[in-house]
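Chemist: Chains as they are written, first to last, in the numbering used here: chain A, 1 to 102; chain B, 1 to 164.
Check each hint, because a few of them may be wrong.
In silico DSS-like links for lysine-lysine, alpha-carbon gap of 27 Å or less [what the hints assert, rightly or not]:
| no. | chain 1 | residue 1 | chain 2 | residue 2 |
| --- | --- | --- | --- | --- |
| 1 | B | Lys159 | A | Lys96 |
| 2 | A | Lys99 | B | Lys87 |
| 3 | B | Lys159 | A | Lys99 |
| 4 | A | Lys96 | B | Lys87 |
Covered stretches of chain A, going by a simulated chain B footprint (3 or more residues, C-beta under 8 Å) [stated by the list, open to error]:
| no. | segment |
| --- | --- |
| 5 | 4-12 |
| 6 | 15-25 |
| 7 | 30-39 |
| 8 | 61-68 |
| 9 | 78-89 |
No lab work stands behind these hints, which were simulated from the structure alone. The C-beta atom is built at its ideal place from N, Cα and C for all residues, glycine as well.
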Amino acid sequence: MEPLSSFFAVSVILLGIGIYGLMTKRNAIRILFSVELIYNAANLNIIAFARLRNPPIATGQVLVLFTIALAAMEAAVGLSIIILVSRLNAEIDLSKLSKLKG
Amino acid sequence: MTDLLFLAFAAVTIGAAILAIEARDLVYGAAALGIAFLGVAGLFFLLDAAYVGWFQIAVYIGAVVVLILFTVMLVGPRMGEAPLGLKRVSLLAAILVSLLLGMTGALANATAFPGQDSCGSGCDLYLLSTSLLKNYGVQLEFVSLVMAAAVIGALALSKTDRGQ
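Let the hints inform the model, and build the full structure from the sequences given.
Modeler: Listed below in structure tokens is the structure:
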């Protein structure tokens, strides 16, 4: 089996791609992509660390099941907000939305 | 064999993730995101977490990617595609992310986490399901509650006052 470090490397690279997307993109759907990638990086990290323990316990996998469910809900609510914003503003470019600006 | 599988899954995951962020068309981006999720599910399989891998495929590819595609169609695939014009921010972000990766690589110790043996009966579905229902039953119920709240919230958001 591969050393677990390689899984952590994949996780860090995914996190980096997600942070890059969060910083550079202004499209709301694209930012949601980045958030999902960061979720996946975290999940991969948790599963790999849970694998490290000997004898194995299932807590890490249970935690990731909860995380996946919560991420799916977050995507559902976020996408419905995006649909609402696009209906109200004909625009989902986050740098041009200033309705909540103080 | 496992090494080859790992390399394939890792390459697919990272390449598809970059494509998801950088693809011009949001539909292609969503498809690439689905492929990246599939690669992560493959890595879960390699980590002896088969059930989590199937859950990932069912929830992420079956629900989230389809939802994103639906939203892209509804919002209009052309929307939000204007060229960014923020080259400086892109450069700064690239430098920061490279710093993050480089620092992690410098701090990493490749032999700190050696390969584990196959965990045999320890990683099976029986252990996972007993742990899920016996030790984390309350949390499971809370997740269900949050899920119901999210569904109701999404419904309330999408219901605009069309009558006026």
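Chemist: All hints are to be evaluated individually against the structure, with a verdict given for each.
Modeler: Hints and how they fare:
no. : hint               : verdict
1   : B/Lys159 x A/Lys96 : 24 Å, holds
2   : A/Lys99 x B/Lys87  : 26 Å, holds
3   : B/Lys159 x A/Lys99 : 20 Å, holds
4   : A/Lys96 x B/Lys87  : 18 Å, holds
5   : 4-12               : holds (count 8)
6   : 15-25              : holds (count 10)
7   : 30-39              : holds (count 6)
8   : 61-68              : holds (count 6)
9   : 78-89              : holds (count 8)
Of the hints listed earlier, there is not a single one the structure fails to meet.
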